[in-house]
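Take the sequences, apply the hints, and build the full model.
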Amino acid sequence: MQYTERYFGTEYAEQQFFASLRPRIERMVRHYVRSGDDDVEDLTQECLIRVYNSLESLRDSDKLDPWLHALVRNTVFTWLRERRHEMEMCSLGLEADTESEPYTSHEDDTLLYMVLQEVLQTLSEEDRQMIEMRYGEGMRYQEIAKVMQMNVEAVRKRINRALAKLRAHPIVRAITEEAG
Amino acid sequence: MNCRRARASMEAHLMNDLHPKLAEQLERHLQTCPSCRADYEELQRLVEALRRVFALKRQSA
Ligand SMILES: [Zn+2]
Chain A
1 MQYTERYFGT
11 EYAEQQFFAS
21 LRPRIERMVR
31 HYVRSGDDDV
41 EDLTQECLIR
51 VYNSLESLRD
61 SDKLDPWLHA
71 LVRNTVFTWL
81 RERRHEMEMC
91 SLGLEADTES
101 EPYTSHEDDT
111 LLYMVLQEVL
121 QTLSEEDRQM
131 IEMRYGEGMR
141 YQEIAKVMQM
151 NVEAVRKRIN
161 RALAKLRAHP
171 IVRAITEEAG
Chain B
1 MNCRRARASM
11 EAHLMNDLHP
21 KLAEQLERHL
31 QTCPSCRADY
41 EELQRLVEAL
51 RRVFALKRQS
61 A
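Chains as they are written, first to last, in the working numbering: chain A, 1 to 180; chain B, 1 to 61.
Source of the hints: derived by calculation from the structure; they are not laboratory data. There may be inaccurate statements among the hints.
Said to hold, decoys possible - Pairs of lysine to aspartate or glutamate residues, derived as EDC-like cross-links and limited to a Cα-Cα distance of at most 16 Å, are as follows: (1) A/Lys146 to A/Glu132; (2) A/Lys157 to A/Glu143; (3) A/Lys157 to A/Glu126; (4) A/Lys165 to A/Glu118; (5) A/Lys165 to A/Glu132; (6) A/Lys157 to B/Asp17; (7) A/Lys165 to A/Glu126; (8) B/Lys57 to A/Glu137; (9) B/Lys57 to A/Glu132; (10) B/Lys57 to A/Glu118; (11) A/Lys165 to B/Asp39; (12) A/Lys165 to A/Glu177; (13) A/Lys157 to A/Asp127; (14) A/Lys146 to A/Glu126; (15) A/Lys165 to A/Glu125; (16) A/Lys165 to A/Asp127; (17) A/Lys165 to B/Glu42; (18) A/Lys146 to A/Asp127.
Please read all numbers here as calculations on a predicted model, not as lab measurements.
Here it is, written out as structure tokens:
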């Protein structure tokens with residue numbers, strides 16, 4: 001490819017560049033995706049292809065890192081959106097407005113619901129139960145404390161800690177911070 | 001109300017579970033503190049999404 005020749009000088013330099021990129025990209029992908037290794041590998045590959053095809057948009061090699069982060073993030077988000085479709089969320093009435101532009105807040109909301117369902121699975125069973133009582137059933141701390149046989153302050157702390165865990169997830173954070 | 005207290009009361013306020021007096025203090029703090037306001041909006045978005053997740057779960061069950 002003419003451009004990459006210009007960019008790297010030699011074919012060997014180009015190979016070295018992509019070889020060094022793979023583990024870096026894989027680490028970034030793992031930051032977002034906690035499912036199986038197959039998914040991580042597919043996504044890493046997809047990112048590498050995108051890097052190869054869009055190197056031209058990278059003019060300043062000092063900016064490689066932020067550029068790479070943005071590329072990986074976009075690739076992962078697109079993949080998650082596609083997977084959402086596969087999960088037949090349409091039967092749940094979330095499919096309205098798919099004609100609208102990508103990256104609208106509506107799209108992000110839908111993505112957020114999907115991601116949250118997955119992230120909830122990383123909580124302990126007890127924490128998940130309390131989160132569900134709180135946000136699913138709308139129960140007050142006192143009521144949850146009774147069911148869990150804990151004191152109210154302990155319930156409040158546990159729920160807030162679980163919430164902080166959810167907020168710490170990179171995708172959840174990326175979406176909730178972007179709002180407004 | 002200081003920032004630490006404000007952050008500790010946000011969740012309860014979002015769930016209408018905060019003492020009215022504290023709620024008033026929090027509201028006042030949020031009007032003057034952009035950092036807490038941003039935090040509050042972020043939390044609000046998460047809590048709303050959680051409620052939707054569980055509502056959908058009930059619908060599809
Ligand atoms: Zn503050």
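Checklist entry - Between A/Lys165 and A/Glu118, is the straight-line Cα distance small enough, at 16 Å or below? => result Judged against 16 Å, a Cα distance of about 13 Å means the pair holds.
Checklist entry - Do the alpha carbons of A/Lys165 and B/Asp39 lie within 16 Å of each other, as the hint requires? => result holds, 15 Å
Next on the checklist: Check whether the Cα positions of A/Lys165 and A/Glu125 lie no farther apart than 16 Å.
Outcome noted: OK: A/Lys165 and A/Glu125 at ~14 Å, within 16 Å.
Item to check | A/Lys157 paired with B/Asp17 [C-alpha distance capped at 16 Å] | outcome: holds, 15 Å
Checklist entry - Is A/Lys146 within 16 Å of A/Glu126, Cα to Cα? => result Roughly 14 Å between the alpha carbons, so the hint for A/Lys146 and A/Glu126 holds.
Next on the checklist: Just to be careful, I want the Cα atoms of A/Lys157 and A/Asp127 compared with a cutoff of 16 Å; is the pair within it?
Outcome noted: holds, 11 Å
Item to check | Hinted pair A/Lys157 and A/Glu126, Cα distance within 16 Å | outcome: holds, 13 Å
Checklist entry - A/Lys165 and A/Glu126: Cα distance at most 16 Å? => result holds, 14 Å
Item to check | Distance restraint between A/Lys146 and A/Asp127, which requires alpha-carbon spacing of 16 Å or less | outcome: holds, 15 Å
Checklist entry - Do the alpha carbons of A/Lys165 and A/Glu132 lie within 16 Å of each other, as the hint requires? => result holds, 15 Å
Checklist entry - Taking only the CA atoms, is the gap from B/Lys57 to A/Glu137 under or equal to 16 Å? => result holds, 12 Å
Item to check | 16 Å Cα cutoff - pair B/Lys57, A/Glu118 | outcome: holds, 13 Å
Hint violations for this structure: none, all hints satisfied.
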